[in-house]
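Student: Residue-level listing of the chains:
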Amino acid sequence: GENVEQHPSTLSVQEGDSAVIKCTYSDSASNYFPWYKQELGKGPQLIIDIRSNVGEKKDQRIAVTLNKTAKHFSLHITETQPEDSAVYFCAASRGSGYSTLTFGKGTMLLVSP
Amino acid sequence: EAGVAQSPRYKIIEKRQSVAFWCNPISGHATLYWYQQILGQGPKLLIQFQNNGVVDDSQLPKDRFSAERLKGVDSTLKIQPAKLEDSAVYLCASSLKGGSTDTQYFGPGTRLTVL
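Top to bottom, those sequences are chains Y and Z. Just so you know, we're using the numbering used here here: the first sequence kicks off at 1 and counts up by one. Just so you know, we're using the numbering used here here: the second sequence kicks off at 1001 and counts up by one.
Because the hints were derived from the structure by calculation, they are not lab data. Incorrect hints may have been included.
Unchecked claim - The list that follows gives simulated cross-link-like pairs (lysine-lysine, DSS-like), each with its CA atoms no further than 25 angstroms apart: (1) 71/Y / 1044/Z; (2) 1015/Z / 1044/Z; (3) 1015/Z / 1071/Z; (4) 58/Y / 1011/Z; (5) 1097/Z / 1011/Z; (6) 22/Y / 1015/Z; (7) 105/Y / 1044/Z; (8) 1071/Z / 105/Y; (9) 58/Y / 22/Y; (10) 37/Y / 1044/Z; (11) 68/Y / 1015/Z; (12) 105/Y / 1083/Z; (13) 68/Y / 1011/Z; (14) 42/Y / 68/Y; (15) 42/Y / 1044/Z; (16) 57/Y / 1011/Z; (17) 68/Y / 58/Y; (18) 22/Y / 37/Y.
Stated by the list, open to error - Covered by chain Y, according to a simulated footprint, are these stretches of chain Z (three or more residues, beta-carbon under 8 angstroms): (19) 1037-1050; (20) 1107-1113.
Because the structure is a prediction, the values reported are computed rather than measured. Note that beta-carbon positions come from the ideal geometry of N, C-alpha and C, so glycine has one too.
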């Protein structure tokens, strides 16, 4: 089955800095890669996703890049703010039928004022 | 629009006891998911329903876990008997049609502690 590795497990940055979280996946058939943000005491919330026919996608301060050859994808957050502090999860699926999401172990991002 | 509702939010039980969790998905969502999230890990799918039928329960420990979704709306997840390793947050999610690229909306979860 699919295996998703996520790094780093924790990331501390100063407000205004950029943050990058990286994930690798094992199943070459995976072609859908969402990112979720989980705040304390809440369920994960989708923040951005990318499909295999696209190399990069941006939404305001967040962007995701995908390298299918290397089987890795990354989340980039620019101009970080304290409210960006949360746990971020990457996930992968085959993106067909009812194929399920496999999640990474998460990255705890702490943005200091 | 109301989100995914779950109850209870917290539950503490002793090993070998039974416990049940309830989920009410977003209105009109055909697909409902139960995930187990152990501390420090990402969510792991336990079971996926499409309306009131099971699509995937390959990772559900069927000797102790059961789930049902009567009438294709609310769902309950039961553990009987519970083990120490079942301590985790149980997340319910729903999506509109269930396609693998559909956005999944998560509830706040139920934190289970087994002593």
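Student: If a hint holds in the structure, say so; if it doesn't, say that too.
Tutor: Here is what the structure says about each hint:
1. 71/Y / 1044/Z: Holds, at about 21 angstroms.
2. 1015/Z / 1044/Z: 22 angstroms, holds
3. 1015/Z / 1071/Z: 31 angstroms, violated
4. 58/Y / 1011/Z: Cα-Cα ~40 angstroms, so violated.
5. 1097/Z / 1011/Z: 31 angstroms, violated
6. 22/Y / 1015/Z: 38 angstroms, violated
7. 105/Y / 1044/Z: 10 angstroms, holds
8. 1071/Z / 105/Y: Violated, because 34 angstroms separates the two Cα atoms, which is more than 25 angstroms.
9. 58/Y / 22/Y: Status holds; Cα separation ~16 angstroms.
10. 37/Y / 1044/Z: Since the Cα atoms of residue 37/Y and residue 1044/Z sit roughly 16 angstroms apart, the hinted pair holds (cutoff 25 angstroms).
11. 68/Y / 1015/Z: 45 angstroms, violated
12. 105/Y / 1083/Z: 23 angstroms, holds
13. 68/Y / 1011/Z: 42 angstroms, violated
14. 42/Y / 68/Y: Violated, at about 31 angstroms.
15. 42/Y / 1044/Z: 16 angstroms, holds
16. 57/Y / 1011/Z: Violated. Residue 57/Y to residue 1011/Z sits at ~40 angstroms, over the 25 angstroms cutoff.
17. 68/Y / 58/Y: Given that 25 angstroms is the threshold and the Cα spacing comes to 18 angstroms, the pair holds.
18. 22/Y / 37/Y: The given pair, whose Cα atoms are some 14 angstroms apart, holds under the 25 angstroms limit.
19. 1037-1050: holds (count 8)
20. 1107-1113: With 3 residues closer than 8 angstroms to chain Y, the stretch 1107-1113 of chain Z meets the three-residue bar; holds.
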